[in-house]
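Trainee: Sequence:
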Amino acid sequence: MVAMRDEGGVRVGEQTPAARKHVGGLDGLRAIAVVAVILYHLELPWAAGGFLGVDIFFVISGYLITSQLWARASAPGGGVDLRRFWAARARRLIPALVVVLLATTLAQLAAGRDQLTSYLGDLGAAATYTSNWWYVLHERSYFEAFGRPRALQHLWSLAVEEQFYVVWPLVVALIVFVFRRPHARRFAMLTVCVLGAAASMLVMGVGTWRSGAPLGADASRFYFGTDSHSAGLLVGAALAVWRGGAGFGGPALRPATVRSTLVGVVALGALLWSLWAVHSWSVALYRWGFAALALLTAVLVAAATRPGVLGRVLDLEPLAAIGRRSYGLYLWHWPVFVFTRPELDVPLTGTANIALKLGLTFVLSELSYQLVEQPVRRLGLRGAWRSLRSHSIGRIARPALVSTLVAVFASTGAVAAMSPQPKTTAKAAVTAAVEEPAPPSFAVPSAAPSATSDRPTGSAPSAPSLTASPTSSTSSSPTPSFDGRTSDMTMTVFGDSFAIGAANGLHRRFKTATLHAKEGEQGFVAVSELDRLAPSLTTDIVLIHVGNNGVIDEVALAAAIAKIPTHSVVVLGLPRVPRFWQNEVVKQLRSVAARSPRVKVADWYSLANPHDDWFVDGVHPNGNGVREYGNLIQRTVLGE
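Positions 1 to 640 (this note's numbering) are the ones given, in order, by the sequence shown.
Simulated from the structure, these hints should not be mistaken for laboratory data.
For each residue, glycine too, the CB sits at the ideal point set by N, CA and C.
Calculated pairs, SDA-like style, for lysine to any residue (alpha carbon to alpha carbon, straight line, at most 20 Å):
id: 1; residue 1: K587; residue 2: V570
id: 2; residue 1: K600; residue 2: V555
id: 3; residue 1: K587; residue 2: D603
id: 4; residue 1: K511; residue 2: G484
id: 5; residue 1: K600; residue 2: V570
id: 6; residue 1: K511; residue 2: T490
Simulated restraints, written as ranges between beta carbons of each label pair:
id: 7; residue 1: R113; residue 2: P76; range: 55 to 63 Å
id: 8; residue 1: R254; residue 2: P347; range: 55 to 63 Å
id: 9; residue 1: P45; residue 2: T117; range: 33 to 41 Å
id: 10; residue 1: S596; residue 2: V265; range: 45 to 53 Å
id: 11; residue 1: L381; residue 2: E43; range: 34 to 42 Å
id: 12; residue 1: F177; residue 2: P251; range: 20 to 28 Å
id: 13; residue 1: V167; residue 2: H567; range: 56 to 64 Å
Based on the provided sequences and hints, a complete structural model is requested.
Mentor: And the structure:
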């Protein structure tokens with residue numbers, strides 16, 4: 001998730017009059033970044049790398065901020081005006097953020113009171129620009145796939161940039177003070193940029209390598225960390241210093257040559273490919289990929305900002321218009337998405353739900369741009385307030401709404417053309433789970449069956465969630481199973497909230513079902529638990545159903561299975577999870593099964609894929625799905 005901040009659109013004039021000029025190409029790059037993030041959060045399969053938009057913006061922000069500071073400091077009699085810089089940043093960023101925080105708080109009070117305690121902590125962190133470290137301290141996972149997302153989690157990147165905005169001007173001021181000669185000053189500044197970027201890259205690469213992330217551990221600590229995720233900001237800063245502030249009050253940027261344009265086009269193509277093809281579980285991404293992406297973006301920025309064809313293409317409307325509004329689009333889109341989940345918050349699914357999300361996002365961001373961001377930039381806080389009071393809001397809101405609707409129809413049409421249509425609605429898929437009722441003696445040990453719906457399988461939306469606990473427990477059935485052939489067999493289940501949701505079907509067909517599962521549990525956690533407990537397992541069957549929340553480490557899973565005593569039948573479930581990682585995790589699990597003849601495969605993926613009516617939300621089973629999954633496991637155990 002990325003904090004979409006520009007330096008006042010394409011007008012970057014808060015340092016010197018000479019700097020008040022158009023910087024070509026940057027608005028288009030902002031638009032590409034924010035659209036990629038939005039598409040990623042819509043969970044569209046062809047935008048798997050959209051989260052990398054944050055790294056594009058880190059480079060742009062580092063370049064713009066440092067260019068302004070350096071151009072001012074390098075001018076005759078110039079220096080670093082810290083008070084002016086910080087005041088300009090506050091005017092640019094804080095008003096829109098305050099409005100979003102107020103609106104999100106109201107939405108949380110209305111629709112998310114179950115998360116209110118943790119939300120208040122997130123709110124305090126967002127207001128103090130410490131969200132990223134707050135999430136690290138509380139071991140919050142950026143990669144949790146299900147459940148209502150945290151409404152302010154996207155502000156982690158805003159925090160990283162604001163911390164940079166506080167510290168970096170002090171560094172520039174210190175170097176300007178210590179080094180008087182221009183060449184020495186420039187060399188010192190470049191050295192700090194390069195060493196700082198290299199250090200951040202090492203923290204990311206070595207840190208994730210030592211922890212085993214992303215396959216063997218959660219990578220969120222390094223993804224959120226300012227120390228490990230600042231390379232893009234510093235690479236952008238290095239480009240600015242290398243250019244000597246050119247285009248920002250210093251010397252003018254030279255026109256683009258054919259060679260530089262071709263290099264820029266290649267860099268743009270590579271960047272677009274990354275936004276489509278790179279996945280959040282890629283090991284290479286964390287070892288060196290973020291560093292490579294920062295350098296690639298810097299090359300693109302260097303080419304696009306020189307006067308030429310590439311810059312003019314990126315400045316075309318509506319691309320540039322989206323880029324100018326990227327800050328508001330980013331601020332608003334995530335809370336809107338969090339509180340408009342299909343069938344859970346609103347009675348819309350598929351393209352209709354996408355249209356609603358995009359519509360609300362564009363309307364709110366346009367109103368923010370017209371009523372808050374632009375007036376405050378031009379007139380200051382008091383002037384903007386006086387202007388707002390003296391003008392009819394409707395005069396501003398109506399054209400904003402019209403332009404928003406045009407953008408919504410265009411974007412929704414494009415998304416609909418590229419997205420597969422659901423066979424049935426989620427509402428039609430939710431059937432009463434009376435076919436698989438849980439007897440009074442059955443206790444679900446670890447998490448709600450549908451982490452996304454926050455309610456037991458087949459219940460009404462108002463039903464209370466089952467409590468989550470990392471501990472396991474055993475369920476025994478006083479009622480006969482549908483098929484008595486396995487009624488005397490015991491089972492241990494490792495998985496996530498899907499396993500909890502399917503537990504009733506297992507319970508009816510087997511004597512006992514000991515669950516080791518938790519809502520939102522990553523595969524590496526379940527595999528680690530399996531590895532720890534495997535030698536001591538005594539049940540007849542060990543069912544492993546992982547992969548709903550991301551890919552797994554094949555080597556670790558195979559090693560854990562090898563530790564399971566030979567008297568146990570090992571069943572490996574293939575998940576049906578319509579997310580970016582579905583095909584990859586199914587391929588991984590098939591590979592693990594192929595390594596061990598003792599593993600039996602329960603191909604839930606192939607069986608359930610055509611049946612949307614077996615699911616509450618596309619992943620977690622309703623009554624029909626619970627019954628069919630139980631039948632599948634029973635047939636697999638019996639070798640049928």
